[in-house]
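Protein sequences, first through last, are from chains E and B.
Numbered by this note's numbering, the letters in the first sequence go through residues 7 to 334 in order.
Numbered by this note's numbering, the letters in the second sequence go through residues 619 to 1008 in order.
Watch out, some of these pointers could steer you wrong.
FRET-style restraints, in silico, Cβ to Cβ [claimed, not checked]:
| id | chain 1 | residue 1 | chain 2 | residue 2 | range |
| --- | --- | --- | --- | --- | --- |
| 1 | E | S213 | B | M698 | 32 to 40 Å |
| 2 | B | G968 | E | D166 | 24 to 32 Å |
| 3 | E | E308 | B | D758 | 35 to 43 Å |
| 4 | B | R796 | E | T195 | 54 to 62 Å |
Read the hints as simulated data drawn from the structure, not as lab findings.
Everything numeric in this text was worked out from a predicted model, so none of it was measured.
Glycine is no exception: its CB is placed at the ideal position from the N, C-alpha and C atoms.
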Amino acid sequence: MTPEPTKQWKSLLGIAAITATLFGMETATSMVVPDDLVFDVNSRVEGVFPETWIHGSKSAMDNTDPAVQVHRYNAHTYILRENKAINYEGAFMYLFFGNQKALLIDQGSTSSPALFPLRDVVDGIITAWEKAHQRTNTQLIVANSHLHGDHYAAWNQFVDRPDTLMVGLTHEEVMAYWGFDDYPEQRVTYDLGGRQFIVTGTPGHQSSEIALYDTWTDLLYTGDMLYRGRLYLEDWQAWKASIKRLRDMADDYPVAHLVNNHIEMTATPTIDYPIGTTWQPDEPPMQMTLDMLNTAVSASTEIERPGIYKYDHFLIYNEVPWAYTTDP
Amino acid sequence: MKMHMRKHPRRYLFRLTFVLAALAFTNIASAHMLNMTHIEVQTQEIEPTKITLRIDLGQSLMSADEYWTLANAPSAEQAMLMRNVKEQLDAGLRFEVDGTTASPTLQSWDFPAVSLAAIENPLTPQMATLTYHLSAIPRDSIGVSLADDFAVPWPCLVRLDIAGRELPVSRLLTSYDRNSGSVALHGATTGEDVDIGALMVSASQDWLPSLSWVVIGFQHIIPRGLDHIAFVLGLFFLSTGLRPLLLQVTGFTIAHSLTLGLAMYGFVSVPAAIVEPLIAASIVYVALDNLYASHLAPFRMLVVCAFGLLHGLGFAAVLQEIHMPQESFAQALLLFNVGVELGQIAVIAGAFALVGAFRSRSWYSSGIAHPATMGIAGVGAYWLLKRTIF
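Given the sequences, and given the hints that come with them, work out the whole structure.
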């Protein structure tokens, strides 16, 4: 039976009211939806480093630390560290957020999702970040500082992740993604959803390595080519040129800190922890200073032959087998 | 200690597991991954596919002493000394060409070693190089996998250089993921028009387990397919009986599967600017039909099927953005569709769970079906206006 005309009109009015309400709600919502995040190139946004990083334990049995330490450097920058009790590399990884995009640099030294659930940790950070900033559908870009296995062991954890772009693990894929036509000399501007990075080539430790300068935080990320530890250099001339490129970058852009991938030094100048150490109670900070970069630049002009050279904050292993150590 | 173990057995079990796991990883940790394994596959148009394996044999398939002996033996003796290793490699390394297992033939080898001490130290890996040929020339796809009982210094990086492609493809094999999946040889991968982003997404999706497409299909209904949910609910609230509801949903499903398939294979192409407003209009139509029709008209089934064709085009537009793998396109499409159907069934099941018990009540129509249908019509009208005017 067809409804009475009055009822029909009432229904139509009801439908119109619902439609109007939805438009009203959309208007109200649009007024509270935040605009795009602004990553100002011209003013530095500070962040904080932890007093100390989780640094392993005397025995793995006593270790109750998380497999991945998550440190929020600032609202849109996270630094992650692999538990040294799981893998002595204790590699640092970085997660940078821009509008609609997040960039994960490196995936640690352990493949096992059970031992090292990096994917879960990163997913958790992204979900919390999206909630905090009222965002959705952030695309994750999985990239690497360089192509050594201790920095992409957990790469496979991300291959079936939705909204994810895997840069790849060959030199050619890396070059194509960042847009290098003239590696390593070239500087490439990389846009992470409004957050600008300057990327340049820094071979020497490994022939596909890159450094990134974040124009928003003024962090200069130097990967494995300069950190507080044993700088294993397979190509001295390439490293020498790369250090100069970093210095040039620091001349052209204001640098707050140099950040990187490992800590292998003790807090005592010139003394490193032995290779394979899984407990480092006397670690120096991970971040480095421009003075330390200057020391590396000086070293690059002083050293002429293969060998191990000690400096206060790093050791240079110039084209010597990695097995040669300064360990007692 | 015993008392603690009684008090916190799970905690100690966890710690024990942690220690055992750490011990299992000792080799990797001490190796610093300098001696990780590399497999390079180079396909060619006419010549056999060349495979290069670089592996730290003295730290894996043979002892350091055995490798030292092998490295120093005259080349005539090496073939005999490596027989056992060759058998392990033959059994452990697996290649798939165009979906068929292919056996590589060992062509040459090189066993460098500077000293026994260097072989014994994973920080100075003495990497053996073995070169193979695959006589079967791949035309569509190639894949690499390692047998479950085959242990190499992990991880194992696979690099595939495919004839005619500008960029190589990388895959990582670990003791947890031993299969590269099938890598397609063809696709828009050369020239200046290459969309690196699409290429990377496509490459990563080569790894997607097939069932992921069911999940993706399901997610295109719940939670992403609000307009499809509204349409299915529209069908639900009109039909008081299960049979007409199932008939309509089946007709809708067959229709949208048809256009989804045709669109994905490129036989049909309708701009989203036309499809999306029509989908919204279909929701309004079904809802108004519910409100004003005195009975289920015979042509209603035809209308629902016609709307199904529209919705299929809508699914196709979304799916085309995902870059489905070329080598398993039909399978992925089918599984996506299965996911969509499961999503629709879940919507109807959810609606039944909520209001199904009241369908025979006298107030069901005026108290539930009518207001719900008005809501669906209101939402449909909102989408229609948004997609046409605003």
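Against the structure, the hints:
Distance hint check: the CB atoms of E/S213 and B/M698 are about 37 Å apart, consistent with the given range 32 to 40 Å. Between B/G968 and E/D166 the beta carbon distance is about 27 Å. The supplied range of 24 to 32 Å therefore holds. The hinted window of 35 to 43 Å between E/E308 and B/D758 is violated, with their beta carbons roughly 57 Å apart. For B/R796 and E/T195, the Cβ-Cβ distance of about 39 Å falls outside the hinted range of 54 to 62 Å, so the restraint is violated.
Hint check: violations occur at hints 3, 4; the rest are consistent with the structure.
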